Amino acid sequence: MASQLGAALVLATAGLLGAVVARTYQERPRVLRALQAALTMLATEISYAATPLPEALRRVARHTPAAVAAFFEEVSRELEQNPGAPAGEVWRRAVAARRGWCLTAEDEAVLLDLGGYLGRSSAADQERHLRLALAQLGRLQAEAEAQRDTQVRLWRYLGLCVGGCLVLLLY
Amino acid sequence: MTVSRAARQAGEPAGRSRGAAPGLFAAPAVDDALAFRTIASHRACTCGDEDPIDRDIAPFLPPRLRPLITQLPQEQKARLVELRLRVGRPLAAVLRGDGQWFISAQGLVRHPAAAESVTADDGARLLAAVSRSSVYALEDAFRQGYVTLPGGHRVGFCGEAAVEAGDLRTWRHVASFNIRIARAVPGAADAVLPRLVAAGGRIRHTLVVSPPACGKTTLLRDLARQISWGVPSLGLAGQAVAIVDERSEIAACRDGIPQHDVGPCTDVCDRCPKAPGMLLMIRAMAPRVLVTDELGTPADAAAVLEAVHAGVSVVASAHGASWEEVARRPALAPLVQNGAFERAVILSRRRGPGTVEAILDLAPRAGGSARRPPSGSTGRQVGQGTVINQPVGQ
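Going down the list, the protein sequences come from chains G and Y. Each residue of the first sequence is one higher than the last, beginning at 7 in this note's numbering. Each residue of the second sequence is one higher than the last, beginning at 352 in this note's numbering.
Worth flagging that the hints you see were computed from the coordinates, not collected in a lab. These figures come from a predicted structure and were not determined experimentally. Among these hints, one or two may not hold up.
Derived contacts from chain Y toward chain G, CB cut-off under 8 Å, selection only [said to hold, decoys possible]:
no., residue
1, Pro414
2, Arg415
3, Glu490
4, Thr521
A few chain G positions that, by computed beta-carbon distances, are all more than 12 Å from chain Y [as the list claims (entries may be wrong)]:
no., residue
5, Tyr31
6, Arg39
7, Leu63
8, Glu79
9, Trp161
What follows is a set of in silico ranges between Cβ atoms, one per label pair, in the way DEER data are often shown [claimed, not checked]:
no., chain 1, residue 1, chain 2, residue 2, range
10, G, Ala141, Y, Pro424, 54 to 64 Å
11, Y, Ala465, G, Arg83, 33 to 43 Å
12, Y, Gln425, G, Arg145, 56 to 66 Å
13, G, Gln32, Y, Gly517, 51 to 61 Å
14, Y, Leu631, G, Arg145, 44 to 54 Å
15, Y, Asp491, G, Thr156, 35 to 45 Å
16, Y, Ser527, G, Val26, 51 to 61 Å
17, G, Cys167, Y, Arg415, 36 to 46 Å
The C-beta atom is built at its ideal place from N, Cα and C for all residues, glycine as well.
Using the sequences provided together with the hints, build the complete structure.
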């Protein structure tokens with residue numbers, strides 16, 4: 007009875023681990039898409055309305071999915087609390103603090119590059135940098151989607167298979 | 352702000368001479384912020400006991416330089432008129448009635464070599480702070496040459512210009528900042544206002560005349576505030592005031608919200624050219640009193656006439672040393688000929704900014720010429736609530 011319970015636990019744990027890894031592959035394109043939507047909105051706020059950055063980021067946060075919204079919310083709040091802090095620095099800290107949003111180092115590098123220019127130049131220039139970041143994120147998203155299609159199923163099955171093997175070996 | 356300088360100069364000649372010794376820290380002076388507060392009947396809602404430097408300016412300063420300024424003695428902070436940050440050069444300050452100082456870690460010094468230098472990073476941080484990390488949102492402000500901080504303080508800047516079609520488009524690099532500390536002077540209009548109230552609490556059409564930097568704007572601001580709040584002792588009920596603030600100096604708006612107390616019933620048309628602004632305010636906001644600064648073009652004059660004939664009291668200002676001088680200005684001549692104004696307030700800085708030289712009672716509309724006040728009488732200074740003007744001809 008106890009051994010059956012143990013076997014079930016091992017199988018479930020391995021399956022869960024596989025599912026967790028699979029989930030990061032599933033989440034990444036979603037986050038990337040949300041980020042692109044957010045940055046497009048930010049570009050509009052900056053170039054058409056010339057909304058000051060903290061307010062523009064807050065508005066963006068209000069219209070994006072939770073994982074991404076929290077990021078923009080945090081940058082906006084930080085900028086409002088210390089008006090003297092350069093936006094690039096605040097942005098970088100917020101990217102570094104964001105764990106578990108399934109982005110790779112490559113994705114974060116695009117965001118960090120953008121952060122260095124944020125709010126520091128004319129509207130036209132800001133829009134150029136935002137367009138560049140959007141193009142890069144678009145490419146990364148296509149890549150992430152291709153990965154998702156192959157990796158999600160792989161990791162789910164792999165988890166269950168490894169669990170099954172362990173059960174066979176142990177018992 | 353300018354009137355406060357008058358009060359200080361009149362009240363404290365000793366403080367100035369002590370402060371002038373080279374290499375010494377600034378001489379202590381009586382806290383005049385306190386003196387003004389006793390005059391104040393209604394202060395802006397942002398008012399606390401805290402110094403405006405600590406409250407409004409310090410959060411925007413680069414963190415490296417912030418303590419140098421917040422650690423200055425209170426009486427020096429109270430006299431601070433300008434803070435100047437020039438990249439690569441010493442941090443400088445201008446004290447009221449006391450000229451140019453430099454700021455070091457030990458306090459104010461006379462010699463620039465002993466002062467703390469402003470770095471490029473300090474400049475970048477200050478620009479980020481005053482623009483709220485949004486230099487792109489400053490393009491209009493760049494063209495104007497300044498931004499307004501909460502509290503009505505102005506940050507003017509210059510540097511390397513980017514020119515487009517012969518006009519300044521933006522600054523490519525900003526290297527010089529001038530932070531001008533705004534101190535509204537509630538009570539500046541105390542001595543003038545009683546002369547401007549007609550029967551039934553109507554405000555007379557008034558033109559404030561003076562050369563630059565004599566306290567015109569300060570007077571207009573306080574007139575707007577008192578008329579808007581109402582002055583029961585003059586039988587003046589609060590009435591709707593519209594300010595057309597082309598240069599954003601009267602109300603010092605930030606995001607359209609006045610940073611000075613200009614009264615509870617006051618609407619401000621910020622940064623809009625005067626002539627269309629005046630017509631728009633009459634049409635849209637139905638004011639009883641219209642306040643505007645520095646009439647100068649024929650379009651301004653036409654808009655004032657329009658307002659006068661629309662039954663709105665106009666309180667405006669114009670550059671000029673005397674009423675005769677204003678009457679000779681081609682753009683303003685139609686106003687004088689039409690007898691648009693009933694009162695003229697002439698200011699000078701003979702005894703410091705805000706000295707009221709005369710309040711003229713201009714002849715009835717049909718007459719069109721100004722009646723001189725009795726000769727021999729002298730103007731007295733507007734300062735800490737002192738009375739001020741000469742008799743108005745009846």
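Results for each hint:
1. Pro414: 6 Å, holds
2. Arg415: At 10 Å from the nearest chain G Cβ, Y:Arg415 fails the 8 Å test, so the hint is violated.
3. Glu490: 6 Å, holds
4. Thr521: 6 Å, holds
5. Tyr31: It holds; G:Tyr31 is separated from chain Y by about 35 Å at its closest Cβ, greater than 12 Å.
6. Arg39: Since the minimum Cβ distance to chain Y is about 26 Å, G:Arg39 lies beyond 12 Å and the statement holds.
7. Leu63: 9 Å, violated
8. Glu79: 15 Å, holds
9. Trp161: 41 Å, holds
10. G:Ala141 - Y:Pro424: 54 to 64 Å: Once the Cβ atoms are compared, 56 Å apart, the range 54 to 64 Å for Y:Pro424 and G:Ala141 holds.
11. Y:Ala465 - G:Arg83: 33 to 43 Å: Given about 40 Å between the Cβ atoms, the range holds.
12. Y:Gln425 - G:Arg145: 56 to 66 Å: Because 58 Å falls inside the window, the suggested range holds.
13. G:Gln32 - Y:Gly517: 51 to 61 Å: Roughly 57 Å apart at Cβ, these two residues keep to the hinted range, so it holds.
14. Y:Leu631 - G:Arg145: 44 to 54 Å: 50 Å, holds
15. Y:Asp491 - G:Thr156: 35 to 45 Å: With Cβ atoms ~52 Å apart, the hint is violated.
16. Y:Ser527 - G:Val26: 51 to 61 Å: Cβ of Y:Ser527 to Cβ of G:Val26: about 56 Å, so the range 51 to 61 Å holds.
17. G:Cys167 - Y:Arg415: 36 to 46 Å: Given range 36 to 46 Å: violated, Cβ gap about 59 Å.
Taken one by one, the earlier hints fail for this structure at numbers 2, 7, 15 and 17, listed in ascending order.
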